[in-house]
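From first to last, the protein sequence lines are chains G and A. Its first residue numbered 1, the first sequence is counted upward by one per residue in this note's numbering. Its first residue numbered 1, the second sequence is counted upward by one per residue in this note's numbering.
Some clues are possibly wrong.
[As the list claims (entries may be wrong)] One side only, chain G facing chain A, incomplete, derived with CB under 10 Å:
#1 Asn159
#2 Lys241
#3 His467
#4 Arg485
#5 Lys489
#6 Leu513
#7 Ser514
#8 Met516
#9 Asp565
#10 Glu572
[Unchecked claim] Taking lysine-lysine and the PhoX-like style, the derived pairs with C-alpha atoms no more than 25 Å apart in a straight line are:
#11 Lys20(A) with Lys489(G)
#12 Lys498(G) with Lys169(A)
#13 Lys20(A) with Lys241(G)
#14 Lys364(G) with Lys423(G)
#15 Lys169(A) with Lys233(G)
#16 Lys233(G) with Lys247(G)
#17 Lys105(G) with Lys364(G)
#18 Lys201(G) with Lys364(G)
Treat the hints as calculated values from the structure; they're not laboratory data. In this text, a Cβ means the ideal position worked out from N, Cα and C, and glycines have one as well.
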Amino acid sequence: MSAQQRVPLWAAEPDLDDEINDVDIPLTIPSYPAADIYDDPANLPLDESAMQAQIAQQTAFSQIPDVVKRFIVHFHQAVLDNNLPEITLAYESGWNRLTEKFYAKTEWPEAEIIAPLVNDDQIFLVLYRELYYRHVYSRLQPNIDDRFHSYENSCELFNYLLNSEGPVPLSLPAQWLWDIIDEFIYQFQSFALFRSRPATKTDDELTMLASEGGAQAWSSYSVLNVLYSLIQKSHVNEWLKARAEGKTDEEIEHIAGEYGTRPLYRQLGYFSLIGLLRVHVLLGDFTLALKIMEQVGLGLGVGQKAPFTAPTAAHVSTAYHAGVCYLMLRRVTDAARVFTGCLNWVMRARQYHMRSYQYDQINKTADRMYALLALCNTLAPTRLDDNVMNIVRERYGDQLTRMGRGEEGLSTFEEIFLYACPKFITANGPPYNDRTTLALLLNPPTPSSPSSPSAQNNTTSDPTHRHMRALTAHFLSLTPVPVLRSLLKLYTSLDSRKLAGFLDAGVDEEEVLSWMMVMKNAGRSIGRVNIATGADKDEEKGTNGSSSSNGGGSVLDGEWMSISDLNFVIDENMIHIAESTVGRRYAGWFIRNSEYAARVLDGLRASPLPGLLVPTKAQNKEGEVKGDRNIKGDGAPRSSGQKVAWGGIKTS
Amino acid sequence: MASATAEWLAPSTRTELIEKLVSGVDRYNPSNVGILEDYLYHQTRSGEYDCLANLAILKLYQFNPDLYNPDVVVNILLKALTAEPFPDFNLCISLLDDRLPNANTDEPDPLPTLLPVLTNLYDLLHRCRFPAFWTFYKSEELESLRENYTVECTGFEDTIREVAACSVKATFTRIGLDRLGSYVDLAGPELEAWTTRQGWTIDGQVVSIPPNPDNQIESVIIRENVKLPQLSKVIAHSVQAK
Numbered sequence: 001m002s003a004q005q006r007v008p009l010w011a012a013e014p015d016l017d018d019e020i021n022d023v024d025i026p027l028t029i030p031s032y033p034a035a036d037i038y039d040d041p042a043n044l045p046l047d048e049s050a051m052q053a054q055i056a057q058q059t060a061f062s063q064i065p066d067v068v069k070r071f072i073v074h075f076h077q078a079v080l081d082n083n084l085p086e087i088t089l090a091y092e093s094g095w096n097r098l099t100e101k102f103y104a105k106t107e108w109p110e111a112e113i114i115a116p117l118v119n120d121d122q123i124f125l126v127l128y129r130e131l132y133y134r135h136v137y138s139r140l141q142p143n144i145d146d147r148f149h150s151y152e153n154s155c156e157l158f159n160y161l162l163n164s165e166g167p168v169p170l171s172l173p174a175q176w177l178w179d180i181i182d183e184f185i186y187q188f189q190s191f192a193l194f195r196s197r198p199a200t201k202t203d204d205e206l207t208m209l210a211s212e213g214g215a216q217a218w219s220s221y222s223v224l225n226v227l228y229s230l231i232q233k234s235h236v237n238e239w240l241k242a243r244a245e246g247k248t249d250e251e252i253e254h255i256a257g258e259y260g261t262r263p264l265y266r267q268l269g270y271f272s273l274i275g276l277l278r279v280h281v282l283l284g285d286f287t288l289a290l291k292i293m294e295q296v297g298l299g300l301g302v303g304q305k306a307p308f309t310a311p312t313a314a315h316v317s318t319a320y321h322a323g324v325c326y327l328m329l330r331r332v333t334d335a336a337r338v339f340t341g342c343l344n345w346v347m348r349a350r351q352y353h354m355r356s357y358q359y360d361q362i363n364k365t366a367d368r369m370y371a372l373l374a375l376c377n378t379l380a381p382t383r384l385d386d387n388v389m390n391i392v393r394e395r396y397g398d399q400l401t402r403m404g405r406g407e408e409g410l411s412t413f414e415e416i417f418l419y420a421c422p423k424f425i426t427a428n429g430p431p432y433n434d435r436t437t438l439a440l441l442l443n444p445p446t447p448s449s450p451s452s453p454s455a456q457n458n459t460t461s462d463p464t465h466r467h468m469r470a471l472t473a474h475f476l477s478l479t480p481v482p483v484l485r486s487l488l489k490l491y492t493s494l495d496s497r498k499l500a501g502f503l504d505a506g507v508d509e510e511e512v513l514s515w516m517m518v519m520k521n522a523g524r525s526i527g528r529v530n531i532a533t534g535a536d537k538d539e540e541k542g543t544n545g546s547s548s549s550n551g552g553g554s555v556l557d558g559e560w561m562s563i564s565d566l567n568f569v570i571d572e573n574m575i576h577i578a579e580s581t582v583g584r585r586y587a588g589w590f591i592r593n594s595e596y597a598a599r600v601l602d603g604l605r606a607s608p609l610p611g612l613l614v615p616t617k618a619q620n621k622e623g624e625v626k627g628d629r630n631i632k633g634d635g636a637p638r639s640s641g642q643k644v645a646w647g648g649i650k651t652s
Numbered sequence: 001m002a003s004a005t006a007e008w009l010a011p012s013t014r015t016e017l018i019e020k021l022v023s024g025v026d027r028y029n030p031s032n033v034g035i036l037e038d039y040l041y042h043q044t045r046s047g048e049y050d051c052l053a054n055l056a057i058l059k060l061y062q063f064n065p066d067l068y069n070p071d072v073v074v075n076i077l078l079k080a081l082t083a084e085p086f087p088d089f090n091l092c093i094s095l096l097d098d099r100l101p102n103a104n105t106d107e108p109d110p111l112p113t114l115l116p117v118l119t120n121l122y123d124l125l126h127r128c129r130f131p132a133f134w135t136f137y138k139s140e141e142l143e144s145l146r147e148n149y150t151v152e153c154t155g156f157e158d159t160i161r162e163v164a165a166c167s168v169k170a171t172f173t174r175i176g177l178d179r180l181g182s183y184v185d186l187a188g189p190e191l192e193a194w195t196t197r198q199g200w201t202i203d204g205q206v207v208s209i210p211p212n213p214d215n216q217i218e219s220v221i222i223r224e225n226v227k228l229p230q231l232s233k234v235i236a237h238s239v240q241a242k
């Protein structure tokens, strides 16, 4: 086919508004293998409807813009050739451009319609449908058929990947593989939320959800099954462990096995781990979620290298969900560190992912992390990275003040949590196959009926509120702390009865003492130690013995640490107070700027001599300040006129 | 040195079979629920505690509502109460998906009525209101909880006392005997015996608590520490720049 050798025009030229009759692809009338069936007049009356469908399909086909057809043909060829650069181009650029142009508000052509363009290549059609449904979910409103069909298509895709004979000969860019896993979980989440609202369903939808297929579709077990299968098939955990242990390449290859040595499976396995983290978070299992990350680690901000260039979105998703886990485990400092590390990284890498089609998504998640950081800061005020904290204060200044005022900040705390938390789901939907119970659920019995009112309360609470209550209870327990803190700061020792007198009327000494214990407990927290040497620690653990490796995943490991700068102890009734201060930190600033100056110097050296452009005046001026030092060695007058910082390095 | 979370992640009393279930994919197999439930009852009898194994039970209940056994859930929550200051109680609650109003069974589900009570108890503990905890716990309202559940849970009250002791020893260097008594619901010789078991000394009406990392305070000024690797780039460059 001539069209297949073309350059990717859709990517190069935006002005391809070809007329439909310009089509020169010899494919407009597809030759169906079974087309001769219509040559037999005996079949005709029977298959009238089928024929009509055929005609409708051909009409639909002819309505596809020419440039889209060419795109699909080219895309298909790139996938057939396992040509990663071309696939990436088509996937990241072509698809999105054409979406903007032709399908901003409608679906892409259905897979059956474009099938003739790709020789009915079932594998490609499955991949095409993956994109098709993702587009429906992100741009349009998926109806219940879309939801079921996208599930079927995902099953087909994973079935092909996992249950073919041996590894499949397919190569896809990491970005796409990440998106496949990410979207799979998103659709699972979306379906669970859709399913959880029986009151808004039409009769048709109720029937479909009540059917056996309806109970099976997007079940938690099936989703977990896919993710765990990908992890096991690819030996990704074993592979990561072997790498951390510093095994040789051959050993690692041997460990990774037939599947794990292929980038497709290795990356799918790796992304499945991150996906599993997310699924467990959505289902409220925060411990298990972090346990999954034992071998992967949390990467960011720890100086630990990801084993390959994972898409930015993967990093951001990891940090966001791991941070949520730490927050729910009340390991607030760890949560704050994970968020800060990631946000810092996003800030610095902004220029690289700004043009990525996932830029919006990344930004949304980052915004949520800033909000969650505001909560962390309320629960356990600690020193964090200034750059990140400044943004938090900029955005949530008022809210931070309100949350610092104790109980009246509760609504603010809840508001921020509801905005920033993931959309939690329940593992099972309402009993659509049991009409009576469902009716009971929709119209709860009046309190006079035998079912107690508390049961009714239960049904109206969704998982998000359940998790929120756990965290707000902690927030409420801490409400006396800010006041106590500000009072204690004024003293080095203070009688607890006197302290009670300072507080609102009605607060007796015993109550104050319980607050003091709360404050003491809030001043320490379990946290990961030696976070900077996380990678080394993993290594150590690996060599210590594989048998005990399940014992303490470095991600869940932790030590008690003091997180409050205000410490106190009570001797019977006398409170003794000690405050710690943190000296200003200069080193980081100087190191960063020294390195920057060094880069500038290198840059200047690499640039050609500007000839006689350097005014001698400037040189003299510098000479006065720095003496003759900065002309030493390379004796480059070009640099002396511009920066003096590098001269400073040499003197020090 | 074992980390602070080591015992929580993998108690030394956990058997290999349980370890396999907790850490492997077999944890999703509904037919293993019996093994984990037996292990829970073993915990309640022996005073051992294994949070992750209990969470695995709740996970199975979450996915398979048919397996749900309210007595097991109550026992898990009671065990989790005693784990404060670890957040186990909340972790368990997070896995309790809403139950459907169930009219079919003859026995009413005790959980809907017990859950607010347990949450309340937990809240009192978390807020270090130990005297209030004991008052509520011993109240008539909670008689059925005590008679049906905590009585089966060996050493329940003692583990709650440990929770109180943990907060006390972090906060106090010395504490009045009566006050301590109200925190742990003991008096007289019992209190004295308990205090001695903690390794604390009684001097008249005052209990002295030996120094530990939390009840020793000092003002420190934290200075920054520059490590060599941080400077590696700068040094490397200064060598190249020659």
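Against the structure, the hints come out as follows:
1. Hint on asparagine 159(G) is violated. Least Cβ distance to chain A is approximately 19 Å, over the 10 Å limit.
2. Violation of the interface hint for lysine 241(G) is found here, the shortest Cβ-Cβ separation to chain A being roughly 14 Å, above the 10 Å cut-off.
3. Taking 10 Å as the C-beta cut-off, the interface hint given for histidine 467(G) holds, the closest approach to chain A being about 6 Å.
4. Hint status for arginine 485(G): violated, given a least beta-carbon distance of 15 Å to chain A, over 10 Å.
5. Interface restraint check: lysine 489(G) against chain A, minimum CB-CB distance 12 Å, threshold 10 Å, status violated.
6. Given the 10 Å rule on beta carbons, the hint for leucine 513(G) holds: about 8 Å separates it from the nearest Cβ of chain A.
7. Hint on serine 514(G) holds. Least Cβ distance to chain A is approximately 4 Å, under the 10 Å limit.
8. For methionine 516(G), the interface hint holds, the least distance from its beta-carbon to any beta-carbon of chain A being 6 Å, beneath 10 Å.
9. Interface restraint check: aspartate 565(G) against chain A, minimum CB-CB distance 9 Å, threshold 10 Å, status holds.
10. Proximity of glutamate 572(G) to chain A holds as hinted, the smallest CB-CB distance being about 5 Å (cut-off 10 Å).
11. Proposed proximity of lysine 20(A) and lysine 489(G) is contradicted: the alpha carbons are some 51 Å apart, above 25 Å.
12. Annotation: proposed proximity of lysine 498(G) to lysine 169(A) holds, straight-line Cα distance about 22 Å (limit 25 Å).
13. Under the criterion of a C-alpha separation no larger than 25 Å, the hint pairing lysine 20(A) with lysine 241(G) is consistent with the structure, at around 19 Å.
14. Our distance criterion of 25 Å between C-alpha atoms is met by lysine 364(G) and lysine 423(G), whose separation comes to about 14 Å.
15. Proximity of lysine 169(A) to lysine 233(G) is assessed by CA-CA distance (about 50 Å); at most 25 Å being required, the pair is judged violated.
16. Taking the CA atoms of lysine 233(G) and lysine 247(G), the gap is near 20 Å; set against the 25 Å cutoff, the hint holds.
17. About 22 Å separates the Cα atoms of lysine 105(G) and lysine 364(G), which keeps this hinted pair within 25 Å; it holds.
18. At roughly 30 Å between alpha-carbon atoms, lysine 201(G) and lysine 364(G) are farther apart than 25 Å, so this suggested pair is violated.
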